[in-house]
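These protein sequence lines are chains U and G, in that order.
So that you can map any letter, position 150 of the first sequence is 150 in UniProt numbering, and since no number is skipped, the others follow by simple counting.
So that you can map any letter, position 43 of the second sequence is 43 in UniProt numbering, and since no number is skipped, the others follow by simple counting.
By construction, these hints were calculated from the structure, which means they are not laboratory data.
There could be a bad hint or two in this list.
Put simply, identical chains are the same to the list, so a pair is met inside one copy or across any two.
Quick list of in silico lysine to any residue cross-link-like pairs, SDA-like style, CA-CA up to 25 Å [as the list claims (entries may be wrong)]: (1) Lys14 with Val49; (2) Lys108 with Asp58; (3) Lys69 with Leu158; (4) Lys69 with Arg47.
The lines below spell out each chain.
There are 2 protein chains.
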Amino acid sequence: MTTSSSSYVFGPYKIDPREVFYTTPFSYAMVNLRPLLPAHVLVCPKRLVPRFTDLTADETSDLWLTAQKVGSRLETFHNATSLTLAIQDGPQAGQTVPHVHIHIMPRKGGDFEKNDEIYDALDEKEKELKQKLDLDKDRVDRSIEEMANEASQYRSLLDQ
Amino acid sequence: MTTSSSSYVFGPYKIDPREVFYTTPFSYAMVNLRPLLPAHVLVCPKRLVPRFTDLTADETSDLWLTAQKVGSRLETFHNATSLTLAIQDGPQAGQTVPHVHIHIMPRKGGDFEKNDEIYDALDEKEKELKQKLDLDKDRVDRSIEEMANEASQYRSLLDQ
Numbered sequence: 001m002t003t004s005s006s007s008y009v010f011g012p013y014k015i016d017p018r019e020v021f022y023t024t025p026f027s028y029a030m031v032n033l034r035p036l037l038p039a040h041v042l043v044c045p046k047r048l049v050p051r052f053t054d055l056t057a058d059e060t061s062d063l064w065l066t067a068q069k070v071g072s073r074l075e076t077f078h079n080a081t082s083l084t085l086a087i088q089d090g091p092q093a094g095q096t097v098p099h100v101h102i103h104i105m106p107r108k109g110g111d112f113e114k115n116d117e118i119y120d121a122l123d124e125k126e127k128e129l130k131q132k133l134d135l136d137k138d139r140v141d142r143s144i145e146e147m148a149n150e151a152s153q154y155r156s157l158l159d160q
Numbered sequence: 001m002t003t004s005s006s007s008y009v010f011g012p013y014k015i016d017p018r019e020v021f022y023t024t025p026f027s028y029a030m031v032n033l034r035p036l037l038p039a040h041v042l043v044c045p046k047r048l049v050p051r052f053t054d055l056t057a058d059e060t061s062d063l064w065l066t067a068q069k070v071g072s073r074l075e076t077f078h079n080a081t082s083l084t085l086a087i088q089d090g091p092q093a094g095q096t097v098p099h100v101h102i103h104i105m106p107r108k109g110g111d112f113e114k115n116d117e118i119y120d121a122l123d124e125k126e127k128e129l130k131q132k133l134d135l136d137k138d139r140v141d142r143s144i145e146e147m148a149n150e151a152s153q154y155r156s157l158l159d160q
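Let the hints inform the model, and build the full structure from the sequences given.
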């Protein structure tokens with residue numbers, strides 16, 4: 001699959017197509033600037049809508065079928081045994097970028113001391129993500145090459 | 001809408017139809033034995049499958065369209081401003097009852113000191129839920145009448 005070179009929006013931000021590893025008519029999946037765990041990725045609708053209820057039925061179905069496929073492939077690829085799938089839908093639920101996005105994280109025994117500690121970390125990461133996207137010059141902690149390389153691996157994975 | 005009197009399965013457990021407030025061809029929504037917040041409800045596929053990837057495309061779409069509708073109605077009804085939507089998909093992600101279920105929680109400012117503390121609480125609740133379902137005699141903390149009454153309110157809400 002060739003990822004279109006058109007740009008992807010994520011709230012007010014423009015996402016480099018090299019970070020995107022899977023696209024469908026309504027959705028796209030991208031690697032993370034600072035993944036919390038290996039293969040912590042995001043699945044978003046292509047259309048910029050802040051809230052889950054704003055999606056049409058076609059967009060909703062497509063988004064979750066995409067998440068299902070992406071999650072399943074990444075879980076196997078990373079020898080994980082479970083998945084965390086979550087939408088922080090609105091600011092009072094911890095959403096910082098006002099564009100619907102599903103967090104997908106392959107999980108294994110012992111990855112966090114308590115299974116649920118991942119959510120504290122997730123919330124911190126969501127704040128950091130926003131700060132990093134806001135301050136483009138600070139985007140040095142993970143290079144585009146590293147992200148493009150990971151995305152390229154997942155691209156072949158999703159092609160199978 | 002009249003909820004069918006047929007029983008609903010939730011993993012190894014049988015759910016009283018009075019706790020169920022919305023059904024579709026593939027999914028059902030039920031109130032919680034011990035809600036973490038007002039209107040903390042669960043949306044499940046009717047078919048007993050442990051993992052999200054086990055669902056067919058029709059089941060996946062139906063499940064999330066149901067969650068979208070239920071979440072939106074309950075958020076408005078409870079004057080909330082956001083929603084937490086999460087699947088703990090597999091034991092290493094905190095799932096205790098081996099039957100796919102979406103946690104839906106309407107959120108408002110200040111409902112938890114930190115937005116993400118809800119997840120610690122959610123994990124504890126999931127463990128308690130399992131214990132309670134395992135020990136039927138202990139199901140006294142919330143009566144079936146109270147649950148049926150809440151379900152009945154939501155039933156009219158979803159009918160609109």
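Hints, verified against the model:
1. Proximity of lysine 14 and valine 49 under a CA criterion of 25 Å is satisfied intra-copy only: 15 Å inside one chain copy versus 38 Å between copies.
2. For the identical chains of this complex, lysine 108 and aspartate 58 are neighbours neither inside a copy (32 Å) nor across copies (28 Å), given an alpha-carbon limit of 25 Å.
3. In this assembly of identical chains, lysine 69 and leucine 158 lie within 25 Å of each other by CA distance solely inside one copy; the values are 8 Å within and 30 Å between copies.
4. Taking the shortest Cα distances, lysine 69 and arginine 47 sit within 25 Å of each other both inside one copy (20 Å) and across copies (20 Å).
Going through the hint list in order, the structure does not satisfy hint 2, though it satisfies all others.
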